[in-house]
Amino acid sequence: MKIVKLKKSNLHPFLQAASQDAELWAPVRQKNNKHSFQPIKDFATIDLNYTRTILPPRKLFLPPQFNMFQASLQGYKEDFSHVSPKVIFGVHPCDLHGLLIFDEFHRQNFEDPYYLKAKENTLIFGHSCWPDDKCFCQSTNTHLVEEGYDLFFSELDDYYLVWIGSSRGDDCLRLAPELFDESLSEEDIKGYIAWQEKRNQAFKLKINFFAMPDLMELRYHHSLWEKLGQACLSCGSCSLVCPTCNCYNVQDQPLLSQDASNIQRCWDSCMLENYSAVAGGENFREKRSQRLKLWYTHKLQAYISKYGKPACVGCGRCIATCPVDINVFTVSRALEGEEVEAFWNRLAKEVNP
Amino acid sequence: MKGKKLKIGIYELTGCAGDALMILNCEKELPAIFQAVDIQSFLMAKSDNIDDELDVALVEGSVTTEKEVEELKDIRKRSKIVVALGLCATVGGIQARFQDPQKWQENFRQVYGETKMELPAVVSKPIDAYIKVDFYLPGCPISKEQFLNFFTRVVKGAPPESYPQPVCVSCKYKENDCLLKNGLFCLGPLTADGCGAVCPSHNLPCVGCWGPVQGGNWTSEFYLLQDKGFSREFIKKKMANFAGTKLSEFWKQFDRRD
Chain A
15 MKIVKLKKSN LHPFLQAASQ DAELWAPVRQ KNNKHSFQPI KDFATIDLNY TRTILPPRKL
75 FLPPQFNMFQ ASLQGYKEDF SHVSPKVIFG VHPCDLHGLL IFDEFHRQNF EDPYYLKAKE
135 NTLIFGHSCW PDDKCFCQST NTHLVEEGYD LFFSELDDYY LVWIGSSRGD DCLRLAPELF
195 DESLSEEDIK GYIAWQEKRN QAFKLKINFF AMPDLMELRY HHSLWEKLGQ ACLSCGSCSL
255 VCPTCNCYNV QDQPLLSQDA SNIQRCWDSC MLENYSAVAG GENFREKRSQ RLKLWYTHKL
315 QAYISKYGKP ACVGCGRCIA TCPVDINVFT VSRALEGEEV EAFWNRLAKE VNP
Chain B
4 MKGKKLKIGI YELTGCAGDA LMILNCEKEL PAIFQAVDIQ SFLMAKSDNI DDELDVALVE
64 GSVTTEKEVE ELKDIRKRSK IVVALGLCAT VGGIQARFQD PQKWQENFRQ VYGETKMELP
124 AVVSKPIDAY IKVDFYLPGC PISKEQFLNF FTRVVKGAPP ESYPQPVCVS CKYKENDCLL
184 KNGLFCLGPL TADGCGAVCP SHNLPCVGCW GPVQGGNWTS EFYLLQDKGF SREFIKKKMA
244 NFAGTKLSEF WKQFDRRD
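Protein sequences, first through last, are from chains A and B. To convert, take the position in the first sequence, counting from 1, and add 14; that gives the working numbering. To convert, take the position in the second sequence, counting from 1, and add 3; that gives the working numbering.
Calculated directly from the structure, the hints in this document are not laboratory data. Watch out, some of these pointers could steer you wrong.
Said to hold, decoys possible - Have a look at the derived ranges for each label pair, beta carbon to beta carbon:
{"no.": "1", "chain 1": "A", "residue 1": "D117", "chain 2": "B", "residue 2": "P162", "range": "32 to 42 Å"}
{"no.": "2", "chain 1": "A", "residue 1": "Y90", "chain 2": "B", "residue 2": "N206", "range": "57 to 67 Å"}
{"no.": "3", "chain 1": "A", "residue 1": "P77", "chain 2": "B", "residue 2": "P208", "range": "22 to 32 Å"}
{"no.": "4", "chain 1": "A", "residue 1": "P191", "chain 2": "B", "residue 2": "E30", "range": "49 to 59 Å"}
{"no.": "5", "chain 1": "A", "residue 1": "N214", "chain 2": "B", "residue 2": "D258", "range": "49 to 59 Å"}
{"no.": "6", "chain 1": "A", "residue 1": "P77", "chain 2": "B", "residue 2": "K147", "range": "19 to 29 Å"}
{"no.": "7", "chain 1": "B", "residue 1": "G232", "chain 2": "A", "residue 2": "D147", "range": "44 to 54 Å"}
{"no.": "8", "chain 1": "B", "residue 1": "P162", "chain 2": "A", "residue 2": "R213", "range": "51 to 61 Å"}
{"no.": "9", "chain 1": "B", "residue 1": "S234", "chain 2": "A", "residue 2": "N46", "range": "54 to 64 Å"}
{"no.": "10", "chain 1": "A", "residue 1": "N46", "chain 2": "B", "residue 2": "R259", "range": "35 to 45 Å"}
{"no.": "11", "chain 1": "B", "residue 1": "D258", "chain 2": "A", "residue 2": "E240", "range": "15 to 25 Å"}
{"no.": "12", "chain 1": "A", "residue 1": "E300", "chain 2": "B", "residue 2": "A48", "range": "34 to 44 Å"}
As the list claims (entries may be wrong) - Mimicking DSS-like on lysine-lysine, the simulated pairs with C-alpha atoms at most 25 Å apart in a straight line are:
{"no.": "13", "chain 1": "A", "residue 1": "K148", "chain 2": "B", "residue 2": "K231"}
{"no.": "14", "chain 1": "B", "residue 1": "K239", "chain 2": "A", "residue 2": "K363"}
{"no.": "15", "chain 1": "A", "residue 1": "K48", "chain 2": "B", "residue 2": "K184"}
{"no.": "16", "chain 1": "A", "residue 1": "K301", "chain 2": "B", "residue 2": "K255"}
{"no.": "17", "chain 1": "B", "residue 1": "K119", "chain 2": "A", "residue 2": "K301"}
{"no.": "18", "chain 1": "A", "residue 1": "K45", "chain 2": "B", "residue 2": "K231"}
{"no.": "19", "chain 1": "B", "residue 1": "K239", "chain 2": "A", "residue 2": "K55"}
{"no.": "20", "chain 1": "A", "residue 1": "K73", "chain 2": "B", "residue 2": "K231"}
{"no.": "21", "chain 1": "A", "residue 1": "K133", "chain 2": "B", "residue 2": "K177"}
{"no.": "22", "chain 1": "A", "residue 1": "K91", "chain 2": "B", "residue 2": "K159"}
{"no.": "23", "chain 1": "A", "residue 1": "K148", "chain 2": "B", "residue 2": "K184"}
{"no.": "24", "chain 1": "A", "residue 1": "K301", "chain 2": "B", "residue 2": "K249"}
{"no.": "25", "chain 1": "B", "residue 1": "K177", "chain 2": "A", "residue 2": "K148"}
{"no.": "26", "chain 1": "A", "residue 1": "K73", "chain 2": "B", "residue 2": "K239"}
{"no.": "27", "chain 1": "B", "residue 1": "K184", "chain 2": "A", "residue 2": "K45"}
{"no.": "28", "chain 1": "B", "residue 1": "K177", "chain 2": "A", "residue 2": "K100"}
{"no.": "29", "chain 1": "B", "residue 1": "K184", "chain 2": "A", "residue 2": "K363"}
{"no.": "30", "chain 1": "A", "residue 1": "K218", "chain 2": "B", "residue 2": "K255"}
{"no.": "31", "chain 1": "A", "residue 1": "K363", "chain 2": "B", "residue 2": "K7"}
{"no.": "32", "chain 1": "A", "residue 1": "K48", "chain 2": "B", "residue 2": "K177"}
{"no.": "33", "chain 1": "A", "residue 1": "K131", "chain 2": "B", "residue 2": "K177"}
{"no.": "34", "chain 1": "A", "residue 1": "K363", "chain 2": "B", "residue 2": "K231"}
{"no.": "35", "chain 1": "A", "residue 1": "K220", "chain 2": "B", "residue 2": "K255"}
{"no.": "36", "chain 1": "B", "residue 1": "K249", "chain 2": "B", "residue 2": "K70"}
Claimed, not checked - Residues on chain A that point at chain B, a partial pick, calculated with CB under 7 Å:
{"no.": "37", "residue": "N46"}
{"no.": "38", "residue": "S50"}
{"no.": "39", "residue": "L69"}
{"no.": "40", "residue": "E196"}
Just so it is clear, the structure is predicted and the values come from calculations on it, not from any experiment. For glycine and all other residues, C-beta sits at the position ideal for the given N, C-alpha and C.
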């Protein structure tokens, strides 16, 4: 994999060249001080000094709600209006791993054209990051990334080292070759090694993921799940912000003045009561504790058994989002038998002392 | 549904008439609406109303007088489908906060004194306290988009979808930061979606105006708000605002445990 050097002052000219025929998306600081991937009109609005966006970048490939096709008695017409040429800049390693899991999911068994077409039309430029107190990607081994991007920008002093991850990424560089420097000095290499060592030391949160499949099994009938279920608000936020959650619902929307229907797809969540409801009024997972157990089985056990890695990329979004502190960190600590400082634990003491 | 147009009636009981107004507010779609169905009765929109057999009756407002009880029962008798339109019809509205007859009497006297009423009043109830309701379309007021989706489904003979998810789902679709997590008094997790998280998208916490969502965890959110420093009285008051009669069982159990 080729690595080249780019002066920081050359970043915007490069992005300008790379996004000539595409819409550029990058992290932008919102009014609430949180970050979000947004379409960029003015390069000055790009804010790379961020840890995590509220929603992961999967929203660019499969938006929360979109129309899949219009159906009538005459046939159906596919709708790919959510697909357009895009360049996403500033994606962190955890989110790149999330997209790799997404790729796997949407390619296996049945190909999902809505995801794959959007993915084909997008160039992904990754960017290095620095962990905060909610990041634990080192524990999921997703703090480094070797694939899943076209270019990857590692930020050092006043320059970037740029990894070329695909031939499309290489084509991009050729749009403005004068901006890059192909020869790296010994100092550049030493600077990168030192930065990486420093970053490795900066992770505060550690989770022993590879103990989780066993612990999930051993504590499958533990009272912990009832405690969590008692506090869970079933708001769905944990799964809606998770980079690897992919469940969706499909609804028919008949059109008033035509004999046709729009078939719409929207993000769903296994935390919602209606998710496991079936015809006849039955519900397989009516209790919140059952729904939580399903989610954590998927994240901490089933996926590890099947693919050798957890369906969690350590981004910390569930920690930043859940109002009652049910997240991969508190649940894994509780599975290890530790007393956890969390609202759900306080509630259990208050309601059933 | 080809052939004969569905006969529709739109009725207003006690409320602000905001839901009926919202139907009229679908200005772009009104010609299509009037073309698709035969609107027999709609007091806000026309004067030549016929109160006869109906395919679908949309009823707005809560029941607060004896006369309305009779009107409602009559609507039910002559309609194949009855739809509760808006918060007042679905849960009883803000006016259903005082269900205790004695407390209600006190409030009534405080407002009206000893005046003899032309229309004897009763404690405010949602319409399903008196008749069977086939579909619920919550909201204060209902949203245009939600109404049009619902209406189109009814016209085309497809069963309407209910709204079993909380406001939080739309809130996340819009990539809002969680206000509850940030310590604000937000009722999003307990409230039926349908508004598309309008308030949280403007950084205003949800007040619950779409009414209780199916399966909401009221106990947990009560303690969570208390944990964040809100007083029990304040939480109860706010939670009761738009919940109407639908939480009376919850409060009974809650008070018993406390």
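Right, here's what the structure says about each hint:
Range check, D117(A) to P162(B): about 37 Å between beta-carbon atoms, so the 32 to 42 Å window is met. Y90(A) and N206(B) have their C-beta atoms about 41 Å apart, which leaves the hinted 57 to 67 Å range violated. P77(A) and P208(B) have their C-beta atoms about 26 Å apart, which keeps the hinted 22 to 32 Å range intact. In this structure the supplied range 49 to 59 Å holds for P191(A) paired with E30(B), their Cβ-Cβ distance being about 56 Å.
Distance hint for N214(A) and D258(B): a CB-CB separation of about 54 Å, consistent with the stated range 49 to 59 Å. In this structure the supplied range 19 to 29 Å holds for P77(A) paired with K147(B), their Cβ-Cβ distance being about 22 Å. Between G232(B) and D147(A), the C-beta spacing of about 23 Å breaks the proposed range 44 to 54 Å. The hint said 51 to 61 Å for the Cβ distance between P162(B) and R213(A), and at roughly 55 Å that hint holds.
Range check, S234(B) to N46(A): Cβ separation about 27 Å, and the 54 to 64 Å hint is violated. N46(A) and R259(B) have their C-beta atoms about 40 Å apart, which keeps the hinted 35 to 45 Å range intact. A C-beta distance of roughly 23 Å is found between D258(B) and E240(A), which places it inside the suggested range of 15 to 25 Å. Checked against the hint of 34 to 44 Å, the C-beta distance between E300(A) and A48(B) comes to roughly 43 Å, which is consistent with it.
Restraint check for K148(A) and K231(B): satisfied, since their Cα atoms lie roughly 21 Å apart, inside the 25 Å limit. Among the hinted pairs, K239(B) with K363(A) is consistent with the structure: their alpha-carbon atoms are about 21 Å apart, no more than 25 Å. Annotation: proposed proximity of K48(A) to K184(B) holds, straight-line Cα distance about 13 Å (limit 25 Å). Between K301(A) and K255(B) the alpha-carbon distance is near 22 Å, which keeps this suggested pair within the 25 Å criterion.
About 51 Å separates the Cα atoms of K119(B) and K301(A), which puts this hinted pair outside 25 Å; it is violated. Restraint check for K45(A) and K231(B): the C-alpha separation of about 24 Å stays at or below 25 Å, so the hint holds. For the hint linking K239(B) to K55(A), the alpha-carbon distance of about 47 Å lies beyond 25 Å, and the restraint is violated. This hinted pair does not check out: K73(A) and K231(B) have alpha carbons roughly 32 Å apart, beyond 25 Å.
For the proposed pair K133(A) and K177(B), the alpha carbon gap of about 21 Å is at most 25 Å, so the pair holds. In summary, the hint linking K91(A) to K159(B) is supported, as the alpha carbons are separated by about 20 Å, within the 25 Å threshold. With a CA separation close to 15 Å, the supplied pair K148(A) and K184(B) stays within the 25 Å bound. The hinted pair formed by K301(A) and K249(B) meets the criterion: a straight-line CA distance of about 20 Å does not exceed 25 Å.
For the proposed pair K177(B) and K148(A), the alpha carbon gap of about 23 Å is at most 25 Å, so the pair holds. With a CA separation close to 37 Å, the supplied pair K73(A) and K239(B) exceeds the 25 Å bound. The straight-line distance between the Cα atoms of K184(B) and K45(A) is roughly 17 Å, inside the 25 Å bound, and the hint therefore holds. As the CA atoms of K177(B) and K100(A) are separated by approximately 20 Å, the hinted pair is consistent with the 25 Å bound.
About 21 Å separates the Cα atoms of K184(B) and K363(A), which keeps this hinted pair within 25 Å; it holds. Distance hint between K218(A) and K255(B) is unfulfilled; the C-alpha atoms sit about 46 Å from each other, more than 25 Å. Taking the CA atoms of K363(A) and K7(B), the gap is near 62 Å; set against the 25 Å cutoff, the hint is violated. Of the supplied pair hints, the one linking K48(A) and K177(B) holds, its CA atoms being roughly 13 Å apart against a limit of 25 Å.
Annotation: proposed proximity of K131(A) to K177(B) holds, straight-line Cα distance about 23 Å (limit 25 Å). Pair hint K363(A) plus K231(B) holds up; C-alpha atoms about 16 Å apart against a cutoff of 25 Å. Simply put, K220(A) and K255(B) have alpha-carbon atoms about 44 Å apart, too far for the 25 Å limit, and the pair is violated. At most 25 Å may separate the alpha-carbon atoms for a hinted pair to count; K249(B) and K70(B) meet this at roughly 23 Å.
Below 7 Å, beta-carbon pairs count as interface contacts, and N46(A) has one with chain B at about 5 Å; its hint therefore holds. For the restraint placing S50(A) at the interface with chain B, the shortest Cβ-Cβ distance is roughly 5 Å, inside the 7 Å limit, so the hint holds. With 7 Å as the threshold, the beta carbon of L69(A) comes within range of chain B, its nearest partner Cβ sitting at about 5 Å, so the hint holds. Because the smallest distance between the Cβ of E196(A) and any Cβ of chain B comes to about 39 Å, over 7 Å, the interface hint for this residue is violated.
When the structure is compared with the earlier hints, violations turn up for hints 2, 7, 9, 17, 19, 20, 26, 30, 31, 35, 40 and for no others.
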